[in-house]
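Number of protein chains: 2
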Amino acid sequence: MGKALLVVMDGLGDRGKETPLAKAATPNLDKIAPGSSMGLMFTLNPGKLPGSDTAHLSIFGYDPEKYYKGRGPFEALGAGVDLKHGDVSFRANLCTIDDKMVILDRRAGRADYGMDKIYATLDNMKIEDITIRAIHTVEHRGAVVFSGPGLSAGVSNTDPHEVNEPVSQAKASAPDGEKIARIMNAFTKKAYDLLKDHPANKERIAKGLKPANMAVLRGAGLFEQVPSVTDRFGIKAICVAGGALYKGVAKFVGMDVVNVPGATGTGTTDLNSKAKTVLDAADKYDLVFCHIKGTDSAGHDGNFDAKKKMIERTDAEFFSKVIGKFETIVITGDHSTPVDAKRHTADPAPILFWNANCRPDGRTKFTELNCAGGSVGQLTGTQLMHLILDYIGKEHMFGE
Amino acid sequence: MGKALLVVMDGLGDRGKETPLAKAATPNLDKIAPGSSMGLMFTLNPGKLPGSDTAHLSIFGYDPEKYYKGRGPFEALGAGVDLKHGDVSFRANLCTIDDKMVILDRRAGRADYGMDKIYATLDNMKIEDITIRAIHTVEHRGAVVFSGPGLSAGVSNTDPHEVNEPVSQAKASAPDGEKIARIMNAFTKKAYDLLKDHPANKERIAKGLKPANMAVLRGAGLFEQVPSVTDRFGIKAICVAGGALYKGVAKFVGMDVVNVPGATGTGTTDLNSKAKTVLDAADKYDLVFCHIKGTDSAGHDGNFDAKKKMIERTDAEFFSKVIGKFETIVITGDHSTPVDAKRHTADPAPILFWNANCRPDGRTKFTELNCAGGSVGQLTGTQLMHLILDYIGKEHMFGE
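Taken in order, these protein sequences are the chains called F and Y. Here the first sequence is numbered in my numbering, starting from 1 and rising by one per residue. Here the second sequence is numbered in my numbering, starting from 401 and rising by one per residue.
Rather than coming from a laboratory, the hints here were simulated on the basis of the structure.
Straight-line C-alpha distance at most 27 Å; calculated BS3-like pairs for lysine-lysine:
#1 Lys423/Y to Lys365/F
#2 Lys3/F to Lys417/Y
#3 Lys417/Y to Lys31/F
#4 Lys765/Y to Lys365/F
#5 Lys365/F to Lys321/F
Covered stretches of chain F (in silico footprint by chain Y; criterion: 3 or more residues with CB under 8 Å from a CB of chain Y, positions within the stretch not fixed):
#6 346 to 360
#7 378 to 387
Quick reminder that beta carbons are idealized off the backbone N, C-alpha and C, glycines included.
Next up, chain F with everything else stripped away, as it sits in the complex:
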């Protein structure tokens, strides 16, 4: 039996009396619910609205107030880029601009035809003493990493976040941001020259697609090596996820990251494959972390049925296989994404701890309302890892 399985169903929490979780048919979860301890988790603090990156840092036991340096590094790590201390990473969009550098479509119509070749053209560029890596991820998106001396994340974006606006000039937002701003603006000029007549763009135009003739950057983040979960908590942990961000945060904290066949980070992800990957890892790791994205996407879309069905499919295809295979199972969300709000909210995530020897609340179903007043009480995200460590006998006593 594996030691501990932590399942994060992204944005699981909802509002209302009859939430997707409460209404979903979950026969497998229902089997363990009465013997489980339930509670509420405020991933950051009550009232504090978590992003996906800060939420996962917290859940892994890393206080984002201390460890969060922007999203860029997580995207880059998740895309498989190796980062060195001092590298600055960005999230990149390939977009469509006119000849005055005004953005006509921030996503170049989302069609990813030829975008891998365009990112490859931008890759391994050198400006002054800085090396630039550019990696395509999905659709128009990619990661861009600057490596070299004297970089800082104290800089504004070149992505204006609006159409009909010109590509923004990068400006230093901190005293040490002058150099990176200069490199970013040089990168914009080079990208313009390299992409305006790029063969892939000629092909895109021939196919009736918008040209992907500019790369705009946002979310500069400085990579600083942090002590791993192994260093800090004495555990080996693995991440089973489809989405690049979650893999990136996991890699950042020193988890092993496995590529899961068919895991897409979307509502159509292959949950059977995820269950198989989780079970394969069970005996080799103290903690298996599994991320399921579809619940959050359905919440953002305001689609009650899709969220409910994602929960039902997870119960049928995933929980049916992994329940009984771990000494401790923890199921929660990283935050709430209520279908009525269509955004993250600060409502606490419901959380369920199952262990043959916990404090069972006897509540027959895992729901937001049953979690309120449960025997776990309420906790914050950074406390979760310590509870898991305590269950698996790896938490160090403070004092004697």
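Here the structure of chain F is known, so what remains is to put chain Y in place on it, guided by the hints.
Chain Y only, in chain F's frame:
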């Protein structure tokens, strides 16, 4: 009527649906349960695993992150030693070594015959400008205190914590630890010379007991005078306990400590005597703290029945007499010691506040599960003292 009584049943919390507390017949507690407010107390923070020393510091309102400097000073204070600012205290074991200083038995067979005389031989030793005190407590255990200029607790133990290992050389673990390491190693040599042919050891051998021919030291702790509960909270408090550690922590925070006839810090302690001592103190103090150890020992032994019986005996012999004699009664544990885990766990301690004018939950029995979602909510250890102060009208308003 006394103002407030705080009863800590050590390691009270347990796991499972039918815990020792839930199954124990407690007619006296049952009388006050429906009129009480219940809640969950995380002595440190959710997930953080408390030792006995840090737990009690917290419960007395002293954040261990700030005030905890190692266990040694509490053992010494509990053994009745007066400490001065700058003294360094250790926990000591008399053990059995061979002529190569290899430890054969870390506890010299636990038989305490003659051990008081052996500790007395080590007492009042002088090495360089340091005076050493050595005091026998129970079985093979004692407290050793170094007094003099330039001491630090930045030093390793001479106790290797293993048999078939030689007595460890003390080594500085901080830049200012060189002097104390030197004194500790000189102490080991002197102890060897003084104890190898000690008359008490000749008698022990004649009786078929192992000689107690070495004193090994662990848990160096620097004593720093802290503001007392009277200074900080404006109350007079008294500690009624058998175990030396609890008396030591109480003394550290400026409580009066009374010796209770028949209180042993074990499962066979005289609870009638403890109740009498508590009642004698009721009118003279704002807060009477009473510690009951047997629940924790039964948890460590994995003995469900012993834990349940200790709770039942406490109800019959102690609560029967003290209920009704205090305006406010608070009953809790310092942490959980579930019988299946046989160790401290991070599960919250159940807590009950009784006062004629609290917010009664109406729950008919004081149990871990009834405490979840109770009207006290959940609190951390350092908040408890302020709740008690508020009940007795001694908490200062912040603002107006």
